[in-house]
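Colleague: Okay, here's what each chain looks like letter by letter:
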Amino acid sequence: MASSDDCLPTISWPFAADWLSRRRFLKGLLASGVGACGLSAAAPAGAGAAPNPGTDTVLVVLNLGGGNDGLNMLVPTGDGAYYDRRGGLAITPSAALDVGGGWGLHPSLPKLWRRWRDAGVAAVVGVGDTAGALSHFQAGTSWACGSADGRPALTGWLGRWLDDQPLRSPFEALTLSPQVGLELRGQHRSATSLGVDAAHAFLVDDQDRGTQHFSSAVGALGTAPTGLGELADAWGAQATAYVAQLPVVRGLVGRPLAAGLAGPLTLAARIINARLGTRVISYGYLNAAFDTHVDQAPRQSALLGAVDDAIAAFYAALDPVHASRVAILTVSEFGRRVTTNNGEGTDHGTASTLLLVSPSVNPGVQGEAPPLRNLDSDGNLKVTTDFRNVYATIIDRWLGGDGSGVVGRSYADLRLFA
Amino acid sequence: MPTALRHVVHLLRRSGFGGPAGEVGHLTGLDLPSVVDQILGAAAPPIEAGPRLMDVPYGMWGAAMTVQNWWIARMVNSQSPIHERIALFWHGHFVSAIDKVDDPAAMWAQHLNLRRYGLGRFSDLASAVTTDAALLRYLDNTSNRLDAINENFARELLELMTMGVGTYRQADVVAAAHAWTGHGVGADGRYQFHPDAHDFSPFTFLGSTRTWNGPQILDEVVNGAGRPATARHVATRLWSFLAYPNPEPTLVASLGAAFMAADLDITALLRAIFLRPEFYSDRARYGLLRTPVDFVVAALRSTGVTLDEVHLEWNIEKTGQCLLLPPNVGGWPQNEGWISASTFNGRAQLASMIATLAARHGVLADAATGAVAGMADRAMATFGITEPSPVTIAGVQAWLAAEPPGPLRPTRLMALIMLTPDFQLA
Chain A
0 MASSDDCLPT
10 ISWPFAADWL
20 SRRRFLKGLL
30 ASGVGACGLS
40 AAAPAGAGAA
50 PNPGTDTVLV
60 VLNLGGGNDG
70 LNMLVPTGDG
80 AYYDRRGGLA
90 ITPSAALDVG
100 GGWGLHPSLP
110 KLWRRWRDAG
120 VAAVVGVGDT
130 AGALSHFQAG
140 TSWACGSADG
150 RPALTGWLGR
160 WLDDQPLRSP
170 FEALTLSPQV
180 GLELRGQHRS
190 ATSLGVDAAH
200 AFLVDDQDRG
210 TQHFSSAVGA
220 LGTAPTGLGE
230 LADAWGAQAT
240 AYVAQLPVVR
250 GLVGRPLAAG
260 LAGPLTLAAR
270 IINARLGTRV
280 ISYGYLNAAF
290 DTHVDQAPRQ
300 SALLGAVDDA
310 IAAFYAALDP
320 VHASRVAILT
330 VSEFGRRVTT
340 NNGEGTDHGT
350 ASTLLLVSPS
360 VNPGVQGEAP
370 PLRNLDSDGN
380 LKVTTDFRNV
390 YATIIDRWLG
400 GDGSGVVGRS
410 YADLRLFA
Chain B
0 MPTALRHVVH
10 LLRRSGFGGP
20 AGEVGHLTGL
30 DLPSVVDQIL
40 GAAAPPIEAG
50 PRLMDVPYGM
60 WGAAMTVQNW
70 WIARMVNSQS
80 PIHERIALFW
90 HGHFVSAIDK
100 VDDPAAMWAQ
110 HLNLRRYGLG
120 RFSDLASAVT
130 TDAALLRYLD
140 NTSNRLDAIN
150 ENFARELLEL
160 MTMGVGTYRQ
170 ADVVAAAHAW
180 TGHGVGADGR
190 YQFHPDAHDF
200 SPFTFLGSTR
210 TWNGPQILDE
220 VVNGAGRPAT
230 ARHVATRLWS
240 FLAYPNPEPT
250 LVASLGAAFM
260 AADLDITALL
270 RAIFLRPEFY
280 SDRARYGLLR
290 TPVDFVVAAL
300 RSTGVTLDEV
310 HLEWNIEKTG
320 QCLLLPPNVG
330 GWPQNEGWIS
340 ASTFNGRAQL
350 ASMIATLAAR
360 HGVLADAATG
370 AVAGMADRAM
380 ATFGITEPSP
390 VTIAGVQAWL
400 AAEPPGPLRP
410 TRLMALIMLT
420 PDFQLA
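Going down the list, the protein sequences come from chains A and B. Residue 108 in numbering that gives the first Met the number 0 is what sits at position 109 of the first sequence, and the numbering runs on without skipping anything. Residue 165 in numbering that gives the first Met the number 0 is what sits at position 166 of the second sequence, and the numbering runs on without skipping anything.
None of these hints come from the bench; they were simulated from the model. Keep in mind it's a predicted model, so treat the numbers as computed, not measured.
Facing chain B, a subset of chain A residues (Cβ under 8 angstroms, in silico): (1) Q137; (2) T191; (3) A216; (4) V217; (5) A219; (6) A233; (7) W234; (8) A287; (9) V293.
Quick reminder that beta carbons are idealized off the backbone N, C-alpha and C, glycines included.
So that you can see chain A by itself, here it is in the shape it has in the complex:
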């Protein structure tokens, strides 16, 4: 249940009239921050289509970096081949949290299990890169880019989706990680980063006239091209955006957040509650933590336990009125090798399982499980659903947009949403 503390009043966004002309020189890297922000003025003409901050769908993307072992997250408890190959790392049928159909969740996901039984979880099995590499960086870049037409990885799938959206709010796409990842960078637009302590800078004290004057000077650094190239312009735009966004950010993070993954997901819920026009929120959970070459059993238990707690914390903070318009998607650059490397860990693999959490999903196990007795020449699962197909479905059926245009190929609807 959401506490009233996590619900902020509706805020409408004013935009400077020269927004679009400024936007050109900024190359869109940080365009979303330009323009003076206030909390009460009405939106002037030229601000794009009016947002529907109370009804638009929202996608929360949680990146389980390092290569999450889908086989141990959603366990094929009915498949003897899994037990033959996984040995001591296998999750026994009695330990797994049964979801029927020969599947069970990892025992560290009890709260997600309850949500599953309430028809609030879809798990898409066999998802990977059909032209996949086993390198973290190649695969991670491929997943972030999300294009099927071989274009250079200069933009990301959510960035290209954002490119196509009318400019409505500086908070339309957000990352809660310190850096804006490739997946959120488009050709013209890019996400805004809201680190969880972004409001604690010295610029915030707006009671002091000298500080206010200083903040204005910092905010003016990005109001015209510097003549020093795109990077310098992008920095200036960031300075301007930072100063403009401070009042709102302070309202969001001014109250304490839990440590670990629950903190950013609680913040995500507050952002949705605040109706800022946010459509996409992304967070990368620890660097490569899921790269469980060694000590997999205790590490995966702890990691999935944190995911379980964080999703619960998200729904605890989220005003229930928004629940049906929010979906959480987990991604990871690849799954792991079917056979353990030494009984204690697993090497880089291919296909894995994605979770899509929302009351609006088509619940249960989706997609086609790759056969565990028919692996590729490296001993890996054969991908049955290309990850770009998942992206295209999410854009077409959830965010709204041109899925095939974003990923550069037409795919069938995976029927992930109810």
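Given the coordinates of chain A, work out where chain B should sit on it, guided by the hints.
Modeller: Okay, now just chain B, sitting in the frame of chain A:
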């Protein structure tokens, strides 16, 4: 022919760390090859006393901060900053992170290797760091055994540290992983080869079928069939670190050839890089943002504030970069990776603190009294900005004109300059 001042300034910033505009005068009378020779010929600074790593509080974090502060102090004070700059490059190339290595002594030993061989032969450097505890632990080779192959070390060695992705096949990774079995760490925490855990059976690696041991794989990659790819890959990484990312293929081919011709001598590669006209192009001049560490070092060199005063252990984490704690085996991001509200916030806090300390030391003290002719230009020059953006200088002048005299005026002036786009350019 004397070298243009702006080229000398650019070269010193990229080969070192930048600083006040007055430091470059003695080099401008020389031609470019002589300037480059002076920079590359600077003697490696001795390590009289390393950081004290015994009984450091706060575990691995404390040890990382201890080494970091020691290292950054050297960057600030060095008379031969090329050695610090290149050690920093190798730290982001042969990546290890102290939280996973879990042994300050091993991280320190690796750091010394990065210094000892950093401007020497690449084969010596690669050989030293791959038969050393830190990298083997960081990439799980300590659990790569005959009965339990772990590919992590072998893959990253080929992909990131030597040949580069796309120049070998998955079967080569598997062969390399088998070859590196048994290369781990002994009870004393140092590198040790365990023959009983090693796979002595033959494998095919880069087309050659025979029995392979780990160091022989490295030799094949650096001196044998993999050498052209390794030369190009390392040249690309070093160029990207010093000039701009994604260099043109013709440039990569040329640098790779120069590196090969010099038997992979790193100083020769650096000389080739510093003598390329592209290194002085606008693409290069505007092609790199300062990393947080660069930002701190430039700020301290410009103001004379000392490392002991700024307490980076409390203040650098929010900028997104802590030495000895790289985010992953790929090292730190570049450029756009440092532009976000969070990292802006981190730099703003540091700028505020450094400006406060600098004002206390009397830097730009006359800014407190109000209108002073040329103050904006002089203040920019104090921070090494000799060709400011017209937008920036106009903004600083406008702020100065409206800011009443007072003790906070120098502080705010310096904080503002440290947040300008101009100061973020490397």
